[in-house]
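Enquirer: Listed here are the chains, written in short residue letters.
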Amino acid sequence: MENWKRKYTSFKEKQHSKTPGARPEQKLGSLLEPNLQSILQVLGEDGDLIIRRFRMYGLYDAAIIFFSSMADLSQIHEHLLKPLMNPPADPSSVPADSRDLPDFIWNLTIHVAQGDRTSDLSSLPDSLVAGNVVLLVNSMEQALYFNLRKIEQRSMEQPQTEQILRGSREGFIENLESNLSLLRYRLQTPDFRVQTCPLGARTHSQVAVCYIDGIANPALVEEVMRRLSMIHTDSIIDAGYIEQFIEDQPLSPFPQVQPTERPDRSTAALLEGRVIILVDGSPFSLIVPALFNQFLQTMDDYTERFIVGSLIRFVRLIALIFSLFFPALYVSIISFNPELMPTEFAVAISGGRAGVPFPAVLEVLVMEVSMEVLREATIRLPQMIGGALSIVGVLVVGQAAVAAGLASPTTVVIVALTTIGSFATPAYNAAIALRMLRFPLILMAGLFGLYGVMIGTIAVINHLLVLESFGVPYMTPYVPALWRDMKDSLVRAPLWWIKRRPSFLHAPDPDRLSRSMPKEYAAQIFTEEGEPYEQQPAHHDPSGHSGNH
Amino acid sequence: MIFRFRRQLSLWLALSMLSIVLTGCWDQLEIEDRALVLGLAIDQAPEDSQPKSDQVTHIKDNLNLPMIRVTAQIAVPGRVPLGPSNGESGGSGGSQNPVWVVQVYGYTLDDAMNNLEQQISDPRYLIHLRVLIISEEIARTNLGDLNDYLRRNPEVRRRTWMLVSEGEASQFMDVNPPLQRVPTLYILSMMEKAVESGKFPADYIGVFWSSESKWGENGFLPYISRRNKENILIKGLAYFSDGKMVGATVPIEIGAFMAMRGIDPGGYSILFKSETYGPVMIMVNKRFSRIKVHIVDGKPQITYHIALDTGLDEHVNTNVSVNSTQKLEDLEGEFRKGALKIFQSVIDKTRQKQSDIFGLGEHVRAHAPAFWNSRIHSKSDWEQLYSSLTIHLDVDVAIRRVGLKER
Amino acid sequence: MNNNRPITTLQVTAVITSTIIGVGILSFPRYMADAAGSGAPLVTAAGLPVAFAGLWFTAAVCRRFPQETLFVFSRRLLGRGFADILSFCIFLFFAFSTGLTMRQFGEVCVTVIFKKTPVEAVILMMLLLAALSVRRNVIKFTYIHIFYAPFILSSIFIIVLVALKDIDGLNLLPLTGNHTTAASFFRGMVTSSTLYQGTIVLALLVPLMKNPRKVLKAGTAALLIVGIVYILIVLITVGMFGAYETRLLLYPTLETARSISIGEGVLERFDAIFIIVWVISIFTTIFTNYYLAAYALREATRFRDQRLLASFLLPFIFTASLLPKNVFQSYCLASVTAIVGLILLTLYPLLLWLTAILRNQGGASS
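Chains A, B and C supply the protein sequences, listed in that same order.
Numbering-wise, the first sequence is residues 1 to 549 according to the UniProt record's numbering.
Numbering-wise, the second sequence is residues 1 to 407 according to the UniProt record's numbering.
Numbering-wise, the third sequence is residues 1 to 366 according to the UniProt record's numbering.
Worth double-checking, as some hints may not be accurate.
Once the Cα atoms are required to be at most 20 Å apart in a straight line, the calculated SDA-like pairs of lysine to any residue come out as [what the hints assert, rightly or not]: (1) K115(C) with K292(B); (2) K140(C) with S38(A); (3) K292(B) with K210(C); (4) K140(C) with P91(A); (5) K165(C) with W100(B); (6) K405(B) with K292(B); (7) K140(C) with R53(A); (8) K116(C) with G262(B); (9) K165(C) with D148(B); (10) K235(B) with S269(B); (11) K115(C) with D330(B); (12) K229(B) with W100(B); (13) K116(C) with V156(B); (14) K349(B) with D264(B); (15) K349(B) with D297(B); (16) K116(C) with S121(B); (17) K140(C) with E368(A); (18) K165(C) with H392(B); (19) K210(C) with F504(A); (20) K235(B) with S189(B); (21) K165(C) with D264(B); (22) K115(C) with S269(B).
Covered stretches of chain C, as calculated for chain A (at least 3 residues, CB under 8 Å) [said to hold, decoys possible]: (23) 5 to 13; (24) 60 to 74; (25) 106 to 115; (26) 170 to 180.
Sample of chain A residues lacking proximity to chain B, with all beta carbon distances greater than 12 Å (derived) [to be verified]: (27) W106; (28) A113; (29) I151; (30) R193; (31) Q249; (32) E304; (33) V331; (34) S335; (35) N337; (36) E339; (37) E344; (38) V347; (39) R353; (40) E363.
Everything labelled a hint here was simulated from the structure, so no lab data went into it.
Glycine included, each C-beta is placed from N, C-alpha and C at the ideal position.
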């Protein structure tokens with residue numbers, strides 16, 4: 001933590017920081033050709049760099065420069081070239097002084113929303129690679145650039161990594177603007193804030209920090225920005241890069257930042273007072289802070305009725321315990337404490353294992369490792385083959401291993417249960433962490449039996465207890481026990497009962513539900529004849545914003 | 001950051017190296033490599049066939065201990081099929097014996113177990129020892145010597161059954177009844193089911209030990225005997241005094257004992273000949289007992305109040321019908337007399353042998369501590385007192401039901 | 001995020017509870033039965049007032065100085081030299097007691113489940129685990145405790161519930177026991193009061209408590225919980241075996257767990273489950289002792305780096321755990337240490353409290 005503070009530079013400063021090997025600042029000259037040459041010098045002979053020379057208003061030599069791969073050609077034709085090449089209706093209105101020319105073009109000629117004027121020649125190449133179209137005019141000492149970027153993008157699909165039964169089918173895509181639009185569409189509040197800045201000295205990936213003003217704790221927002229500002233790298237390819245730079249404890253197997261593909265989930269996180277980070281080019285948003293609890297939850301828990309949601313969460317917890325402990329317990333019972341089994345079963349199991357040449361640890365380890373290999377293989381394979389392979393892997397290989405005396409039937413059952421259990425954890429990265437922790441536990445079981453498993457478990461739990469994500473203890477709300485927040489933990493209380501935002505996020509506005517409905521809203525919802533749903537309390541806040549205090 | 005990262009990394013590396021050094025797998029032993037002893041039978045070694053000592057735990061025979069013969073039943077991995085057996089595999093598996101019966105001699109139980117160890121390849125484990133059968137001879141002489149080993153050894157469960165056999169104990173290791181896959185487990189399930197159906201109290205070895213430790217109580221063990229080839233009969237209670245078996249009851253007296261201790265459910269039926277109704281079978285369903293301790297003239301007096309909830313099971317002589325409350329009350333009265341006789345016989349038997357299996361001394365200790373503190377200073381004090389104890393019996397019988405038949 | 005006194009009263013209760021419940025739980029019914037036979041529960045309860053006195057002194061003096069730990073304000077009260085010597089004594093006691101607790105733990109493990117495993121390996125594993133966790137600050141220390149406390153308590157209650165049906169009430173009568181003498185009762189009372197050791201951990205927590213004035217309440221609640229747990233354990237153990245049998249058993253509580261079953265043998269052998277729970281409760285006890293040892297040493301020597309000290313202590317504690325030659329010696333040493341601890345941890349806070357009153361220091365908040 002200390003080094004974060006030492007190297008602190010503000011997020012805003014970072015936005016203006018220069019790329020490595022930045023060119024010295026250079027003013028635009030008044031002549032067109034030298035300016036063009038200077039740009040060409042930087043961008044070299046890129047094949048998709050287009051320089052279109054024309055005569056503006058029939059009076060000035062001009063050129064527009066853009067990358068054909070990034071610009072929207074039809075818009076250039078329609079909104080740049082057409083108005084510029086046509087002489088204005090009143091030729092006399094064209095200013096004689098070339099110093100007034102930029103204003104004239106900007107204000108009267110061109111129909112493009114985004115863009116600006118600049119007299120800094122050295123900034124133009126950067127502007128070009130960002131997808132802008134640059135207009136240079138002879139004798140004019142200012143250049144104009146317009147944002148007419150058009151990048152091919154895929155359509156929105158259902159998120160592959162977070163399938164749910166009930167809820168929105170939309171997922172984030174690579175394009176930042178579209179992702180922001182997905183959020184804005186769900187959060188129609190003026191308090192929704194997006195702060196963007198390019199990160200990565202070479203990639204200039206746009207990183208957006210989103211939060212809701214008045215709900216997210218300013219200290220948290222500041223902390224996020226501070227950590228982002230400390231990233232010194234030349235490339236941010238994906239949100240995962242950001243995650244690795246800003247997480248609290250890189251050595252921990254547990255994720256301390258939650259990636260999600262789902263805009264609805266991000267919105268819900270924002271409304272709890274969390275901050276999310278989006279990166280241009282990545283279909284994942286990062287939710288911070290992320291706690292252990294979150295990795296067992298899905299949107300389904302909230303969209304379904306609360307009883308169903310709570311039950312499913314319990315099932316997930318059981319699955320998690322399965323996947324973590326089953327093989328280790330099996331090993332320790334088989335090789336250390338067979339007295340724990342009922343006698344009939346012990347005699348039968350020893351029969352099942354009679355032909356197996358390996359100790360139980362080795363047997364389980366080999367089976368578990370091959371299961372992991374199988375899992376990895378099925379992810380990489382095309383879907384069609386993947387399904388077939390998993391059946392072959394599980395059924396045929398397992399059966400053959402038993403028949404060949406490499407593994408006992410009970411081991412196969414245990415390994416299968418473990419694997420199935422590990423797929424029930426909704427968060428992929430957390431599931432992987434738990435799956436990997438299983439191996440040290442198996443080893444400990446092989447060394448010390450139940451005692452080893454206990455030691456291993458205590459070590460893992462202690463690690464979880466000291467872990468923090470952005471200053472919030474990882475096991476919140478279980479430890480420290482925050483009773484109010486346990487309404488949304490292992491059980492999911494009815495939504496109308498969860499009246500407050502998670503207290504550990506210290507939201508400036510802690511209330512989710514206002515205690516009374518403001519009159520204006522009531523008037524909007526109910527028709528004139530309709531009876532109001534609820535009698536207004538007499539001591540109603542006159543401002544109408546009883547939620548905010 | 002980088003510096004701390006490296007430090008932590010090196011710490012973890014060092015730890016994992018250390019754990020490799022620590023690695024021993026000392027106690028690791030696969031279940032199939034353990035010789036699981038399921039049952040033990042302990043006999044006095046017969047005089048004629050006494051072998052020379054194996055000298056596994058000692059060199060010369062100067063121990064002056066009687067030799068014992070231990071018959072162990074060891075599970076053979078692979079003979080018991082995994083999962084519910086289907087017809088085919090059951091048939092082929094049935095031909096092979098799932099247990100291996102080994103006989104060894106030794107001066108003490110531990111000595112014999114060491115001899116056993118010397119004779120079989122896999123290390124033996126008592127973790128699944130469920131049934132321990134001792135011959136009456138042993139029970140009457142040196143049971144305490146056996147118990148010391150069993151109590152010290154953490155592998156032995158306190159829920160093991162210890163049974164006293166009439167005649168040789170080793171004969172029970174050969175029983176191979178068709179009801180269970182593993183012979184010892186048959187004896188185990190027989191005892192467990194006897195407990196469930198009220199035929200026998202839950203008298204595990206731990207319970208026996210506890211009552212033997214108490215000053216005001218003597219232990220008892222199930223007394224079994226072999227009938228025909230495969231059958232085992234629970235023949236009664238073997239009761240103890242001063243740590244030695246002193247006698248055994250008959251089976252119906254187990255019921256009387258359980259009634260006096262108020263152990264549910266009732267599992268015994270009593271057949272008696274009623275004067276008016278002929279032979280009648282009455283089934284005891286519930287037992288209840290309350291004990292009161294009075295000190296009269298400086299001597300404790302015990303008053304038993306026993307209530308039995310019964311049902312009419314069989315009534316052979318159908319000429320006289322049992323169809324009214326009056327008639328049931330007649331039967332109850334006659335039954336009460338019969339029951340009292342059985343109770344009295346158990347009490348007399350145990351009083352004569354100074355074996356307080358009812359734990360009456362514990363009642364005196366609990367309810368009349370002043371008397372106890374002044375008079376009883378060792379277990380034998382109470383045993384002597386018990387033999388002359390006054391016991392009043394007050395039996396209450398209720399026949400509630402007569403079954404489906406009206407008359 | 002912006003709260004530098006985050007520890008609540010309930011959390012303090014949890015820390016003390018999980019600290020106290022430790023290695024003694026396996027064998028103490030034997031001592032109690034030795035002292036008073038069927039009056040064992042009474043002896044167990046009789047230890048509470050003695051333990052409460054120690055708690056009261058600690059709480060009273062810590063309440064007067066809610067901003068500092070005991071080790072800091074003792075310097076002002078007693079003078080640097082004397083306070084440092086006593087802090088060093090506390091360190092010695094806790095380091096030694098950690099070692100001996102570990103040894104007792106190792107003995108049980110080796111006797112009951114790991115016959116061939118060297119006791120050193122068992123001890124070292126646990127010590128390493130504790131040493132790693134001791135490197136954290138007091139807040140994390142609290143978190144670790146409050147996570148485990150419910151597990152320890154709930155599993156003990158489950159075992160008690162299962163065992164209830166096997167209890168014979170006769171074994172618990174008469175309530176004062178037979179042949180009990182005042183001397184044996186008093187001895188049992190002292191033994192039982194040493195079982196409630198660990199309330200001194202308050203000294204660490206008070207400066208971080210949200211409401212330092214409630215410290216006595218938290219401590220009392222913890223003592224009551226532990227008292228109930230102990231009495232329940234004695235009740236089921238003596239109730240199941242009878243006092244005479246309990247005296248014969250090395251680890252009566254363990255034997256209780258071995259004797260119970262659910263559903264006529266479907267779930268048998270609770271001893272393994274019990275040992276698992278017990279490993280956790282040992283860990284929490286060791287953790288506190290180790291932490292206090294490291295903390296006291298740090299304060300006594302004015303050393304800054306607790307991480308380094310914790311690692312440095314490890315070989316010493318390990319050596320202490322290997323001192324006893326056999327199982328009887330380890331119990332003997334442990335009970336001597338416990339009595340020394342009882343005296344030290346009761347009288348030292350009393351001394352501080354009296355000095356604070358005489359010199360009229362602190363107490364601004366009380």
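Enquirer: Would the least Cβ to Cβ distance between E344(A) and chain B come out above 12 Å?
Expert: 6 Å, violated
Enquirer: Using Cβ atoms and 12 Å as the threshold, tell me whether V331(A) really stays out of contact range of chain B.
Expert: 9 Å, violated
Enquirer: Below or equal to 20 Å on CA atoms is what counts here, so check K116(C) against V156(B).
Expert: 17 Å, holds
Enquirer: Can the restraint linking K292(B) and K210(C) be considered satisfied, given a maximum Cα separation of 20 Å?
Expert: 57 Å, violated
Enquirer: K140(C) and R53(A) were given as a pair; does the straight-line alpha-carbon distance stay at or below 20 Å?
Expert: 68 Å, violated
Enquirer: Given the hinted pair K115(C) and K292(B), is their Cα-Cα distance within 20 Å?
Expert: Answer violated: K115(C) to K292(B) is near 48 Å, above 20 Å.
Enquirer: Can the restraint linking K140(C) and P91(A) be considered satisfied, given a maximum Cα separation of 20 Å?
Expert: Given that 20 Å is the threshold and the Cα spacing comes to 77 Å, the pair is violated.
Enquirer: Taking only the CA atoms, is the gap from K115(C) to S269(B) under or equal to 20 Å?
Expert: 49 Å, violated
Enquirer: Would you assess whether E339(A), listed as outside the interface, keeps its beta-carbon beyond 12 Å of every beta-carbon in chain B?
Expert: 4 Å, violated
Enquirer: If you draw a straight line from the CA of K405(B) to the CA of K292(B), is it 20 Å or shorter?
Expert: 40 Å, violated
Enquirer: CA of K349(B) to CA of D264(B), is that 20 Å or under?
Expert: 23 Å, violated
Enquirer: Would you check whether the claim that E363(A) is not at the interface survives, using Cβ distances to chain B and the 12 Å cut-off?
Expert: The assertion about E363(A) is violated, with a minimum of 9 Å to chain B.
Hint compliance for this structure: hints 1, 2, 3, 4, 5, 6, 7, 8, 9, 11, 14, 15, 17, 18, 22, 24, 26, 31, 33, 34, 35, 36, 37, 38, 39, 40 are broken, all remaining hints hold.
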